[in-house]
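K.L.:
So the protein lines, in turn, are chains A and B. According to the numbering used here, the first sequence holds residues 1 to 202 in order. According to the numbering used here, the second sequence holds residues 1 to 170 in order.
Just so you know, these hints were derived from the structure itself, not from any lab. Each hint should be verified, as a subset may be incorrect.
Stated by the list, open to error - Between beta-carbon pairs, the in silico distance windows are:
# : chain 1 : residue 1 : chain 2 : residue 2 : range
1 : A       : Arg73     : B       : Gln30     : 30 to 40 Å
2 : A       : Gln68     : B       : Gly53     : 43 to 53 Å
3 : B       : Ile51     : A       : Tyr50     : 42 to 52 Å
4 : B       : Leu131    : A       : Thr70     : 23 to 33 Å
5 : B       : Thr10     : A       : Ile26     : 28 to 38 Å
6 : B       : Asn136    : A       : Val77     : 20 to 30 Å
7 : A       : Ala141    : B       : Phe126    : 41 to 51 Å
8 : A       : Val77     : B       : Glu137    : 20 to 30 Å
9 : B       : Thr60     : A       : Thr70     : 30 to 40 Å
From the three backbone atoms N, C-alpha and C, an ideal C-beta is built for every residue, glycine too.
Given next are the chains, with one letter for each unit.
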Amino acid sequence: MKPTVGPPAVAVYLRRLPVTVIVAIILWYILRPALDVAVSGAAQFLIRSYEHPKVTRLVAESHLAKVQRTDFRSDSVVPTVALTQIHVNTIVLLALFLALNRPLSRPQLERLFMAWSLLFLSQALNLIFHVKYLYATGLGAWSLSEYTDVGRNVFGFLRYFTDLPGRFSFPFLIWFGFNWQQVTAMLGKDADDSTGIADTKR
Amino acid sequence: MRTFWRRPETRFLILFLVLLTTGFAVIALQPINDRVVVPFTAAVARTSGAILGLLGEDITVTGCDLRSPRFAVTIYNGCNGLISSLVFAAAVVAYPTTWRAKALGVLVGLVAIQLLNLVRIVSLYFIGVFLPDHFNEAHIVIWQSVVVIAAVAIWIAWAHFGVRMAEDRR
């Protein structure tokens, strides 16, 4: 009897991806209100942990983080940051994980938990950089007196880095990092192959 | 430290982040933005406008703006496919394989991502025309996820099939 030769693992993975994207989008919509609150809460906790006096409050409402400072005048306009864009990349991480073999096995769920925690931290940092950029550039004379040009540039760079390349790449990077053995095996490469430099010199 | 660097996953992650950060810092520079990013975005807008024109839309393109009597969109940095291309190129270059395979990956991948981005812009225009209430969700939730997943899928296909092809030809 001839052994059955199935499609390569990579083809199976690529075929699963469109389905897992849909599943991930549905999951994200279900979790969205909780993610709004969790990301705002984590960012507020981190900001206040090194803020003196502790004046920043981030209130999640209608998928926006309202940046409320207790030292704002009561008639001040409350700045907001869109939360959807901050944690929408959860969809990519979930889709990439769910398309792997045995996604609901204990080791995979543990990896997903660790990976999601790391992505969550990156999302909280993204929101922190939004808030710090707002403080450094958006509050008129106060911003000019409290932040230097270097500070404005640093927070501007960090905000846009975590906004654009960070948001696009972190889920992929985290997924690949946590599943290196499985993914490199799927790609048909030895997981310990360190020929990246040697290959170019061969 | 040397042992740490010898681990392929560590080297991939570090190289990827260094390439991505450097690439982003370069395109964020004002002169590069003015001379490369803005003209590139305007070219994306013109191409999208031409496709929409072929589909019967009365489109006027001004810089990075696409306007018709029915809807208008502006293509910003982040919507021009440049960042996805940068992420993809960093992942290809950081992956341990031959330079020939990397060149093939960057070339094919960037063309594919730009084509997908044109489909995205055209579809978003029509979503804006016919389902304006869903434009933001389609723009941020659906298309952003689809573009990133597609870029990862292209990278996986390249890392499996493309790398093998390029290495077989040597």
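K.L.:
Just tell me: holds or violated, for the beta carbon distance of Thr10/B and Ile26/A against 28 to 38 Å?
P.N.:
Once the Cβ atoms are compared, 35 Å apart, the range 28 to 38 Å for Ile26/A and Thr10/B holds.
K.L.:
With respect to the beta-carbon atoms only, verify the hint that Asn136/B and Val77/A lie 20 to 30 Å apart.
P.N.:
22 Å, holds
K.L.:
Is the hinted range of 42 to 52 Å satisfied by the C-beta distance from Ile51/B to Tyr50/A?
P.N.:
Given about 50 Å between the Cβ atoms, the range holds.
K.L.:
Between Gln68/A and Gly53/B, is the Cβ distance one that fits in 43 to 53 Å?
P.N.:
47 Å, holds
K.L.:
Taking the Cβ atom of Ala141/A and the Cβ atom of Phe126/B, is their distance within the range 41 to 51 Å?
P.N.:
46 Å, holds
K.L.:
Take the C-beta atom of Thr60/B and the C-beta atom of Thr70/A, compute their distance, and say whether it sits inside 30 to 40 Å.
P.N.:
Cβ of Thr60/B to Cβ of Thr70/A: about 48 Å, so the range 30 to 40 Å is violated.
K.L.:
State, for the Cβ atoms of Arg73/A and Gln30/B, whether the hinted interval 30 to 40 Å holds or is violated.
P.N.:
Taking Cβ atoms as reference, Arg73/A and Gln30/B lie about 35 Å apart, which means the hint holds.
K.L.:
Between Val77/A and Glu137/B, is the Cβ distance one that fits in 20 to 30 Å?
P.N.:
At 26 Å between Cβs, range holds.
K.L.:
Given the range 23 to 33 Å, decide if the beta-carbon distance of Leu131/B to Thr70/A lies inside it.
P.N.:
The hint (23 to 33 Å, Cβ to Cβ) is violated, given that Leu131/B and Thr70/A are roughly 41 Å apart.
Hint violations for this structure: numbers 4 and 9, all remaining hints satisfied.
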